[in-house]
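Undergrad: Each chain, letter by letter, is given below.
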Amino acid sequence: MKPPVPLHRLDLQARPLIRASLTLMGVVASVVVGSRGGRWLDPALLGYLLSALFAIFGIAYRYWSWVERPATAMYFHHSVARLLTPRGLLELPRLALLALDQLFLQRFIERRSIKRWGAHALIAWGCLLAFAVTFPLVFGWVRFTSHGLDVSRYQAWVFGFPAGDFPLDSPVAWLTFHVLDVAAVMVIAGCVLAFVRRRQDEGDMATQRFDLDIAPLLLLLAVSITGLMLTASEKFLHGRNFGTLAYLHELTVILLLLSLPFGKLFHIVQRPAQLGVSFYKADGEADGRLPCKACGDPFIRANQRRDLGELFSRLELDAARHSKDVHHLDLCPKCKRRLLAKAQSVRLGGGFDPFHDLPEPVVPIDDPTTMRPSS
Amino acid sequence: MVSDEYGFFIDPQRCIGCKSCVGACAECGTHKGRPMIHLDEMDRLNSTQTAPTVCMHCEDPICAQVCPADAIKRSEDGVVHSSQKPRCIGCQNCELSCPFGVPIVFSGLEQMLKCDLCYDRTSEGHKPMCATVCPSQALLYVPKHEISAMRQNKPVREFTVGALKVKTRNALMVPDPDKPLHLDAALLLAEGGW
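Just so you know, the sequences run in chain order E and C.
So that you can map any letter, position 277 of the first sequence is 277 in the working numbering, and since no number is skipped, the others follow by simple counting.
So that you can map any letter, position 15 of the second sequence is 390 in the working numbering, and since no number is skipped, the others follow by simple counting.
What the hints contain is simulated information worked out from the structure, not anything from laboratory work.
Ideal Cβ placement from N, Cα and C applies to all residues, glycine included.
Please note: incorrect hints may appear among the correct ones.
Distance condition first, Cα-Cα at most 30 Å in a straight line; then the derived BS3-like pairs of lysine-lysine [unchecked claim]:
1) 554/C x 293/E
2) 334/E x 293/E
3) 334/E x 540/C
4) 448/C x 115/E
5) 115/E x 502/C
Per label pair, the in silico range of CB-to-CB distance [as the list claims (entries may be wrong)]:
6) 236/E x 501/C: 47 to 55 Å
7) 511/C x 17/E: 54 to 62 Å
8) 550/C x 323/E: 23 to 31 Å
9) 422/C x 17/E: 55 to 63 Å
10) 376/C x 263/E: 29 to 37 Å
11) 169/E x 483/C: 46 to 54 Å
12) 376/C x 185/E: 34 to 42 Å
13) 323/E x 376/C: 41 to 49 Å
14) 306/E x 423/C: 37 to 45 Å
15) 21/E x 550/C: 42 to 50 Å
16) 303/E x 550/C: 39 to 47 Å
17) 501/C x 87/E: 47 to 55 Å
18) 107/E x 407/C: 13 to 21 Å
19) 111/E x 376/C: 27 to 35 Å
Kindly produce the complete structure, drawing on both the sequences and the hints.
TA: Right, here's the structure in full:
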């Protein structure tokens with residue numbers, strides 16, 4: 001067994017560490033404010049709270065480290081700068097529409113595969129619904145009490161302020177108390193579909209990894225099933241084994257939360273970058289495309305050529321230059337491919353052309369039908 | 376895991392342009408229905424010569440270095456895979472930066488796909504689809520020790536683009552493999568392009 005890595009050798013980066021710490025402090029401040037100094041924190045949810053804070057710190061650290069990568073920084077800075085311009089603010093409705101299409105409806109996944117989209121949509125919407133309920137409850141931002149002395153009504157509180165009340169036997173009450181069950185059913189259905197699809201897809205079967213692709217599905221299934229078992233215990237078994245099930249559910253949720261910064265589910269916070277890329281592409285199209293310096297066909301957006309040039313310099317790839325004026329980035333993909341074959345032909349001494357070493361006809365053939373010289 | 380014993384050898388001068396590789400590539404399970412091999416005409420007006428291009432599987436892939444989403448990974452067996460579906464944001468950095476012009480970004484899918492050496496086949500000990508069907512053996516997937524007996528030319532796995540060195544898993548066949556193969560566009564440009 002390998003000895004544990006000492007803390008001072010974890011090679012944590014300073015700037016992401018500071019930014020993640022500030023993010024965590026912001027969330028802790030919101031917990032303090034939302035729960036009115038911790039007064040309304042539920043002691044039963046303390047384990048969830050601590051693991052959620054760890055997950056937020058880990059996700060924030062990984063996110064800020066990711067943004068530090070030169071290639072990521074190129075798009076991140078462009079997206080933020082553009083959003084903060086007057087034009088960016090005017091385009092907020094367009095941004096909202098794009099977010100609806102790409103983040104909520106996830107139409108691009110539907111185009112990849114309808115089966116994948118079905119499974120992913122159920123898992124994504126189920127998880128987001130569960131997160132939207134769980135985190136506010138755990139952080140003390142939302143709580144429920146009886147409405148004064150009237151035990152037949154429930155009062156909702158948001159950040160310590162009253163936010164409406166409802167009778168206990170109303171549909172709103174049923175939905176409020178069972179929204180996590182609905183989310184669990186969606187996630188279970190999505191995970192089952194995902195497993196079935198993965199069993200049928202030869203490509204996925206060859207490339208999938210247990211830690212990256214299977215373990216997150218198993219964890220989500222475990223969380224959802226133990227969550228549903230809590231409801232089943234309360235509704236149908238008179239609360240039998242409720243305490244044990246509650247601990248089991250808490251354990252699975254904590255494992256899921258602790259895995260969030262390290263596993264596949266981190267892509268939830270990466271995906272919005274796609275919106276920035278969509279705007280970047282649209283800006284580039286408006287400016288027009290530059291022609292390939294070999295064949296002359298327009299192929300690369302001017303803004304991307306400029307930024308890739310800077311990126312190549314930062315990555316110490318700038319030596320990929322054919323002359324002072326021609327970078328390898330100035331050639332279109334097709335010309336790059338042909339250049340590879342051309343390089344082989346040069347090395348073969350022109351052997352690429354099967355007729356290269358045949359002598360020129362001494363007498364020109366003018367009549368291709370008879371193959372005879374005109375003279 | 377793809378066996379290190381086997382190598383992929385590309386010999387464009389043997390290509391007869393039959394497009395069998397293109398049809399077979401589309402059958403690959405990792406990018407179903409979409410051929411990832413490129414078959415380019417070198418000089419359509421004056422020659423029938425065509426050239427097949429598959430991913431060379433670089434040791435330090437530039438496509439992965441320029442990927443903002445950190446979506447392109449090289450597995451331990453040296454195979455550079457298509458972008459990871461959960462991460463890829465379809466920015467096209469990889470497509471525009473690859474020294475060999477290999478990746479293709481499908482804008483509707485917001486995903487980059489590329490030749491992944493038919494990972495569903497090669498990881499099971501089979502040949503890639505293109506090498507299986509190529510009638511002229513311009514694309515050859517055989518044990519590395521057998522290639523010297525099969526060809527006069529030798530495999531080269533080092534390339535230079537300008538002054539940049541690129542080492543790859545796949546090989547191109549040349550007579551003198553001791554020198555890296557130099558991709559020199561300057562000569563072409565001096566001639567006025569293609």
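Undergrad: Look at each hint and say if it fits the structure.
TA: Hints, verified against the model:
Proximity of residue 554/C to residue 293/E is assessed by CA-CA distance (about 27 Å); at most 30 Å being required, the pair is judged to hold. Between the alpha carbons of residue 334/E and residue 293/E the distance comes to roughly 12 Å, so the proposed pair stays at or under 30 Å and holds. For the hint pairing residue 334/E with residue 540/C, the CA-to-CA distance comes to about 20 Å; that is within 30 Å, so the pair holds. For the suggested pair residue 448/C and residue 115/E, the alpha carbons sit about 25 Å apart, so the restraint of at most 30 Å is met.
Distance restraint check for residue 115/E and residue 502/C: the Cα-Cα separation of roughly 29 Å lies within the 30 Å cut-off, and the hinted pair is therefore satisfied. For the pair residue 236/E and residue 501/C, the beta carbons lie near 52 Å from each other, so the given range of 47 to 55 Å is met. Separated by about 57 Å at the C-beta atoms, residue 511/C and residue 17/E satisfy the suggested range of 54 to 62 Å. Under the hint 23 to 31 Å, the C-beta atoms of residue 550/C and residue 323/E, about 27 Å apart, fit the expected range.
The beta-carbon spacing between residue 422/C and residue 17/E, approximately 59 Å, falls within the hinted interval of 55 to 63 Å. Hint check: residue 376/C to residue 263/E, Cβ distance near 22 Å, so the stated range 29 to 37 Å is violated. For residue 169/E and residue 483/C, the Cβ-Cβ distance of about 48 Å falls inside the hinted range of 46 to 54 Å, so the restraint holds. For residue 376/C and residue 185/E, the hinted distance range of 34 to 42 Å is satisfied, since their beta carbons lie about 38 Å from each other.
The supplied range of 41 to 49 Å is met by residue 323/E and residue 376/C, whose beta-carbon atoms lie about 42 Å from each other. Under the hint 37 to 45 Å, the C-beta atoms of residue 306/E and residue 423/C, about 39 Å apart, fit the expected range. Range check, residue 21/E to residue 550/C: Cβ separation about 60 Å, and the 42 to 50 Å hint is violated. Between residue 303/E and residue 550/C the Cβ separation comes to about 43 Å, which falls inside the hinted range of 39 to 47 Å.
For residue 501/C and residue 87/E, the hinted distance range of 47 to 55 Å is satisfied, since their beta carbons lie about 54 Å from each other. For residue 107/E and residue 407/C, the Cβ-Cβ distance of about 20 Å falls inside the hinted range of 13 to 21 Å, so the restraint holds. At about 31 Å, the CB distance of residue 111/E to residue 376/C agrees with the hint of 27 to 35 Å.
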